[in-house]
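There are 2 protein chains.
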Amino acid sequence: MSEKQLVEVLKANESFYHAIKTGDIGQMDNIWIKDANIKCVHPGWPMLYGWEAVRESWENIFSSGGPLDIELPDISAQILGDIAWVICIEKISYKVGNELQFVFAQSTNILKLDGSNWFLVLHHASPIPAPRREVTSNEILQ
Amino acid sequence: MSEKQLVEVLKANESFYHAIKTGDIGQMDNIWIKDANIKCVHPGWPMLYGWEAVRESWENIFSSGGPLDIELPDISAQILGDIAWVICIEKISYKVGNELQFVFAQSTNILKLDGSNWFLVLHHASPIPAPRREVTSNEILQ
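Line by line, the protein sequences give chains V and W.
Numbering-wise, this note's numbering puts 270 at position 73 of the first sequence, and it's gapless, one number per residue.
Numbering-wise, this note's numbering puts 220 at position 23 of the second sequence, and it's gapless, one number per residue.
A few of these clues could be false.
Since the list gives no way to pick one copy over another, a pair counts as held whenever it fits inside one copy or between any two copies.
[Claimed, not checked] Here are the computed lysine-lysine pairs in the DSBU-like style, where the Cα-Cα straight-line distance is at most 35 Å:
1. 201 / 292
2. 309 / 231
3. 218 / 292
Just so you know, the hints here were simulated from the structure itself, not pulled from any lab data.
Can you build the whole structure from these sequences, using the hints too?
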């Protein structure tokens, strides 16, 4: 795994979370492989299969407001051949009235190299309690 | 992806769940890559990093009784090069007094081909509601 490849994988992963934060369905369109085999689990829910169902779920999330922000206090990435898997803790902020609230999720993102770009083939996020330690900068564990 | 490879991946995945069902730590030892990069999420908890932490978590689960049974009513698998990812719904049975209870989890298992065998590098299970449909036989979606 070259450092260049690792940077590219992390940029693709960042682009996915930027799409969520900004509610940008166009950017979401650009980050997924668009076939029937892709898979997505939103926290607490079963797997969605295929681009059609996955896109619809993001549209529903964005149309109901979506999160205010998502930070990734902990990231780890591995690459083997044309497949990468990125493991993140997601710190998701919501505004409830005037109050800012946080929930945490643990996610596994599988990306596939297609041509010279990395695309998501699987996103699996699950609710977790708040982590015991707060990490201030991303730590890349390989 | 050859059918032979798919069968081998599914057998490795089956061996993992057999180890859980029977509380067999020796079989669990045989199914994981044993390095600091492997990762495991039990339902509702953050990722555990590295073989030492992962093995300890299974020992704890087995010593507290573990599940009575795990069925996999829904399985899907994909392979690219030396990496495979298997997506399962887990139907987990527990005995509470004389009553049999079920919980469901959605899991993502990433396996790596090492020599001629497939080994787990990541297991991510998250709690989900009971699926709306009951699948009677495994469906392999590729």
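To see whether the hints hold, each was checked on the structure:
In this assembly of identical chains, the alpha carbons of residue 201 and residue 292 never lie at most 35 Å apart, being 37 Å within a copy and 51 Å across copies at closest. With identical chains, the CA atoms of residue 309 and residue 231 are at most 35 Å apart both within one copy (12 Å) and between copies (24 Å). In the homo-oligomer, the alpha carbons of residue 218 and residue 292 lie at most 35 Å apart inside one protomer (13 Å), although the nearest pairing across protomers, at 43 Å, exceeds that limit.
In this structure, only the earlier hint numbered 1 is contradicted, and the remaining ones agree with it.
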